[in-house]
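Going line by line, the protein sequences match chains A and B. Each residue of the first sequence is one higher than the one before, starting from 31 at the first, in this note's numbering. Each residue of the second sequence is one higher than the one before, starting from 1405 at the first, in this note's numbering.
Hints listed in this document are in silico derivations from the structure and should not be mistaken for laboratory results. Predicted, not measured: the structure shown is a model, and the values here were computed from it. For glycine and all other residues, C-beta sits at the position ideal for the given N, C-alpha and C. Every clue listed holds true.
Footprint (simulated), chain B over chain A, 3 or more residues, beta carbon under 8 Å:
hint, segment
1, 76 to 86
2, 130 to 139
Here are the computed lysine to any residue pairs in the SDA-like style, where the Cα-Cα straight-line distance is at most 25 Å:
hint, chain 1, residue 1, chain 2, residue 2
3, B, K1461, A, A59
4, A, K131, B, D1463
5, A, K79, B, G1462
6, A, K79, B, L1500
7, B, K1487, A, G71
8, B, K1461, A, S33
9, A, K131, B, T1481
10, A, K91, A, A47
Restraint-style ranges between C-beta atoms, simulated for each label pair:
hint, chain 1, residue 1, chain 2, residue 2, range
11, A, L76, B, Q1454, 13 to 23 Å
12, B, I1455, A, A47, 45 to 55 Å
13, B, K1413, A, A47, 29 to 39 Å
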Amino acid sequence: AQSVTQPDIHITVSEGASLELRCNYSYGATPYLFWYVQSPGQGLQLLLKYFSGDTLVQGIKGFEAEFKRSQSSFNLRKPSVHWSDAAEYFCAVGANTNAGKSTFGDGTTLTVKP
Amino acid sequence: DGGITQSPKYLFRKEGQNVTLSCEQNLNHDAMYWYRQDPGQGLRLIYYSQIVNDFQKGDIAEGYSVSREKKESFPLTVTSAQKNPTAFYLCASRGLDQETQYFGPGTRLLVL
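Let the sequences and hints guide you as you build the complete structure.
The following block contains the structure:
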């Protein structure tokens, strides 16, 4: 069975500081990995995804993530955080089989200090 | 513009009442999904459908029902059997030749 762990429930960073959100997954084969962002009361917006190839993937809003198979991780990074990045972030693992179902982590809430 | 719409944005349910949440997409996606989101938790899968007139239970289907009569529509009914329905409900869709799910804006269900 596939699973996702986001170890940090809540992270606070200062505006302009760098950010790293952790994600660990469990999956039997090569996973499809996703990061989504959710603003309060809104749906989820896709930030980036990894299926194969280059293990460093670029996404929208200046985010990037690195797939590390040996560590079963897919951490999200941003070099300089903006106040508008405050939101909840979800990591997900999925597959093209299994009806395309994805399993989501419990999320990490990001607070940005001025 | 292509996308996924959910209505209403807020829905109030009385005890013993069934309510239906709407999800419509014009992305020509074959697969559609319903998730429930509770505070501090991730998304949990309620039901999903890969083609018209077919759907499968997810992890927490008890107290919910769905239909898929049209490709564009996947309504979710929260029945009176669901004893704790207060949550944020998200609908998503996916093309069968794609790997990514795209989400609607959500419906918040509250119990009066």
